[in-house]
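Chemist: As a plain string of letters, each chain reads:
Protein chains: 4
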Amino acid sequence: MSAQQPLPSHAGAPLRGQRKKIRAGVLGATGIVGQRLVSLLADHPWFELTEVAASERSSGKTYAEAARWHLDAPIPGAARDLVVKGLDPSLDCDFVFSALDSSVAGAAEEEFARAGYPVVSNSRNHRTDPDVPLLIPEVNAAHLDAIPRQQKNRGYDTGFIVTNPNCSTAGLVLVLKPLADAFGLEKAFVVTLQAISGAGYPGVASLDIQGNVVPFISGEEEKMESEPQKLLGKWDGSRFVDAGLGLSAHCNRVPVVDGHLECVSVGLKKIASLDEVREALRNFEVDAELASLPTALRNPIIVLDEENRPQPRRDVNAGNGMAAVVGRVRECPLLDVKLTLLSHNLVRGAAGASLLNAELLAARGFLKQRVAPSGSQLAEPVSR
Amino acid sequence: MSAQQPLPSHAGAPLRGQRKKIRAGVLGATGIVGQRLVSLLADHPWFELTEVAASERSSGKTYAEAARWHLDAPIPGAARDLVVKGLDPSLDCDFVFSALDSSVAGAAEEEFARAGYPVVSNSRNHRTDPDVPLLIPEVNAAHLDAIPRQQKNRGYDTGFIVTNPNCSTAGLVLVLKPLADAFGLEKAFVVTLQAISGAGYPGVASLDIQGNVVPFISGEEEKMESEPQKLLGKWDGSRFVDAGLGLSAHCNRVPVVDGHLECVSVGLKKIASLDEVREALRNFEVDAELASLPTALRNPIIVLDEENRPQPRRDVNAGNGMAAVVGRVRECPLLDVKLTLLSHNLVRGAAGASLLNAELLAARGFLKQRVAPSGSQLAEPVSR
Amino acid sequence: MSAQQPLPSHAGAPLRGQRKKIRAGVLGATGIVGQRLVSLLADHPWFELTEVAASERSSGKTYAEAARWHLDAPIPGAARDLVVKGLDPSLDCDFVFSALDSSVAGAAEEEFARAGYPVVSNSRNHRTDPDVPLLIPEVNAAHLDAIPRQQKNRGYDTGFIVTNPNCSTAGLVLVLKPLADAFGLEKAFVVTLQAISGAGYPGVASLDIQGNVVPFISGEEEKMESEPQKLLGKWDGSRFVDAGLGLSAHCNRVPVVDGHLECVSVGLKKIASLDEVREALRNFEVDAELASLPTALRNPIIVLDEENRPQPRRDVNAGNGMAAVVGRVRECPLLDVKLTLLSHNLVRGAAGASLLNAELLAARGFLKQRVAPSGSQLAEPVSR
Amino acid sequence: MSAQQPLPSHAGAPLRGQRKKIRAGVLGATGIVGQRLVSLLADHPWFELTEVAASERSSGKTYAEAARWHLDAPIPGAARDLVVKGLDPSLDCDFVFSALDSSVAGAAEEEFARAGYPVVSNSRNHRTDPDVPLLIPEVNAAHLDAIPRQQKNRGYDTGFIVTNPNCSTAGLVLVLKPLADAFGLEKAFVVTLQAISGAGYPGVASLDIQGNVVPFISGEEEKMESEPQKLLGKWDGSRFVDAGLGLSAHCNRVPVVDGHLECVSVGLKKIASLDEVREALRNFEVDAELASLPTALRNPIIVLDEENRPQPRRDVNAGNGMAAVVGRVRECPLLDVKLTLLSHNLVRGAAGASLLNAELLAARGFLKQRVAPSGSQLAEPVSR
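Residue numbers (the working numbering), protein chains in the order written: chain H, 1 to 384; chain D, 1 to 384; chain R, 1 to 384; chain V, 1 to 384.
It is worth saying that the hints were derived from the structure and are not from the lab. Remember, predicted model here, so these are calculated numbers, not experimental data.
Since copy identity is lost for identical chains, a pair holds within one copy or between any two.
Each computed DSBU-like pair below joins lysine-lysine, with the alpha-carbon atoms no more than 35 Å apart: (1) K223 with K269; (2) K187 with K270; (3) K187 with K269.
Kindly produce the complete structure, drawing on both the sequences and the hints.
Modeler: Here's what the structure looks like:
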């Protein structure tokens, strides 16, 4: 059964002594991930959405006109009338989220970073850059130490780029982390059953997926076999050192709306009983800094005992979509442990991941109210 | 793209010099596998369906009345008016197929064998018996040598039991066989995405599977990890010797009507290039004896080159449902080769499998026209 | 886009001066409608769930053990440990909801009423009884006047039976009501596309509905053609007088989880423009008594302007599942107006309907704290 | 249960005395309807596919390269290597099918007709032209009499345009025809549940239709309310006279691959029993001319007696996809008769409809081997 955890209370440290929320822009705001970000930013305690931008011809329209809205809950009132801007780095905000398509994200994110904006990106373009953190706060918060080096390398001033992993990597690595910590990790074999919303909109044609499985998602297996190496690896002060994990991935698309299910077998360095594995997952708890982030769960892994769970349609919203839900922990005849995991591809795997990254950045003081260039209107933010 | 192979021509050896077809009964004829058998037996060149039997209260009705028919093609004319009998071993036929539910198959099949009927079973009950062949003709036809020992062990006269594997094992082992022959097989990791028809009717409730995946099928992983050991192993004259293969299976139910898809990684004993693997699969060809069986394909493995195939809805009927369709042969970072395979769970994995087994038995002379007990009506079969 | 309306504030009149909530039992608590009721009763301001009962063998188990839980939110804590009782009218509660299967509901509901329990039923058995109100509070609250007559007719003391309509009737009549009031209603033609959850669990077999439509639901067209007559008719002091509406229904099952969609054409007595029709629907507002009920919406009809709405998956939860969502109001060449409507079959069409009925009964003083028979434990309700 | 009728034998009149088949081109050959046409033309007894053309950038590629093939059966061998031409009316064929998108069909079809090609079109552009037959051979073969007038009006020489109706109109009118003949037809109310393949490829996004219904198909209701008027009307020698039928349509998209289901209520001019209605449908038989067409069914309407049929997934291929399958004939409280009908939207409603139209045109001598312009290669058709 899906468990709903209350969001942790938080001190709101980033806003201490501030009179205003940190102003956020969303690049790629009309897409399916951008919409989730806009939705999650409504009533956010630390951030205020002040700009929406997109690469398409939607510039000039209001957000309500430009977005073909996909969420059940309506467009947040504060976003409806925002005018959609182009991808020009002159937005009235303190940092930007990037939910841009990879065809334009690479250059656009660099331009914004160069112009002084912290860029919190969901796009794949810079994930493997040697000086760009690929971040899951619960897993590798220390990788943020790479930001100063990135700024120095690239001649960025206040701007920088931080990325979150691919939607199917996010849940996997969140589950591998406590196993790596407790028992050491040698190998992992993973087969994904991924939801159609992972392909965006219009995305997968119904004629292709109705009553069917498509055993191929372009580039996905490559991402799943490489991103965890960086995420579970270390920043040694000058570069990221891979985790050296043996990893094999098969990726499939299934006719499910939201939620990527993953069948995983792991080989551990230390012998562990199934109960020890379950406990390591269940007891995985974030530290005080993370627990204070508005979007964080204190226990981001939920372990179900029913033999036929997790199921995408029933468990995808556990932990407000930020949990990795694990079930069927059992012995693997080839490696050590088999398990099934589920995570929400649009929340934990995309918009929620970016938001949590931004919250950690804010908590660590990386997101400051931007001082506008002289003569700019930014010096006197219009009241809203 | 799905390929349709013409059925091989065949010499019809079993009928040489016979005036009549071999008479077949189907136990469990009203179920979803039984219906496929009834359908496949229409116009069969060697076999004639003369009896349908079932455990349920359907006894006494005609088959058309008793069967809630699931196939697109109508009930074969010759079957419509057959009266459904109970599971009493006094049927007017030379051998029986068993598509019985496992709750009754164990005892019923033994009773029929003891009464002199060859039993060609799709049920799981006797698959692991030490003297019962678990047969895929293309894989282990030599296991039929165990029949005389079985008859001796059990005091059967002309009767015996031969089984076919579980629906998800069938496709897997058919694909593993040429790899084992060509390169030697060490390990295999398999994750299944299984169709709802594999659970029979009414089977999976729509509320459980609509837009969902159920990551559990009772007993399925155990079968997939044990049956291939016997299938790929040897009969040493007195017992079956397991193949000693390392095997790990995760089984899932997906909202697909027919066709089990399997994501497989295999570890080989000899180094092989991907092209060599593809060729070994593509060139897998049955011998002359098998090629003469009405239901056999000369090349039972079809290898597709498109990057996003096989797909259940599009490829399930390849080779009249008797092929294993393979695609996405590629390197595996953990083992040696990754591939995706598809087979029709009701044809190659059940009814077609039983039928092919019966054909091999007929070709080898194991299915004879039964001599009826004295005083029985069997001595003078009614013309039909 | 789906609109979420805040629940109306309410005065809580029924509890004024009471120290305890009214105690509710649920008959048929383990079924799919019973589960919804149990869920809706958690944290209800007026009612407290004190008993769960079922006809099946589940008696004696706790509710958590007995119910195969279908909702995303977990079983309410207060219900988990309730012991499931049989259908004996000796439950420790002030009234009962009945979500019983129609095979047992008829007699069981009468027994409870005779034993003094108000019975708020979702079952079809007594809907057409000449002295039993078939109630949608927004439509025919005056029908409650029949209760004294029912009690007199049947020799009931404090007990009685009130029913809510069939799941597909509920949304239809809610939408027809303001049209009847504003313009007079002559005829209505309706074709339903009904969700699988309407058939209960296990209900529709996945093999029957996957990628398919079943153009038949047993008894459904008959209910849709008769129930609105009573709902839109009058209680004349001694009997219900039908509305005399011309009604034709076609009912279909479609592969949707929740939400019955209905294509409706209506013939009106007065000429009305499409805008007048839209306004009559949009402005349909309940009176102060109804507005004070916890589950009531002030405006129970939501009219969408998008040309392709309402859609079940996207709009089913509008108004917490208690709204009828209307779209595509347009001219009908045969009758006067075409429209499409959607309502949640398990909330507005079943559990929410019963709950709203109970709330109206409570507001009107029909649900009193029962005086326990002498010697009974009911005299001193255990604290909970 | 779905019935499969054998195709009628046919005299092959159009080819009598001819040494070669009539050469057909397909405009819009790469689309989903074009692919069906290409598939149906393989092994056609009268027609030979010699040209494929498309408006897109696919020109110059072979058909196998250009078409993203959607059918289960592979691309016919004779079509694989045809080079895809542009929409220039210089194709090496005797007539063309048009499966073009309506954005280009209007002008292109006129150009081909003007250049001397008979155009057998599935596109909507010319369906309502006052001199263009909208043809269902079983319904209004006499409308072909309009062709000479069309040629005169437009200054066409040997060319002309004949169209078939919209996919959801086709099945409806086929069923209305015998009712109109036997009892007279006053009114019809129809609600469609249409398959996703009706929207082409990529067509409906899976995120829009997964577990959902979309109660809107652009332009569809208008077509369904107007096309039957022309189809069931008369050609009076100079113009088409509408049938004057009262018609109301609601159109919905449902998650079904192939097959449009329609819930229909009809008002008849003469009183008829339900049995008379069933018999009129069941006995609807084409005349000798039509029966000789390769694609025609002698009895194009199949009436099922099961209470829950027709169903799209199970009955769509009845009569090779050329039948209208009717079930649930019952009384309508508002009009006279309710029934449910199903037809294959891509066969009876599109490609098969065009093909049958072409066959009727051939049988009547409208499709002649074109004499090539002097100096053209057409004078000496290359042997194929």
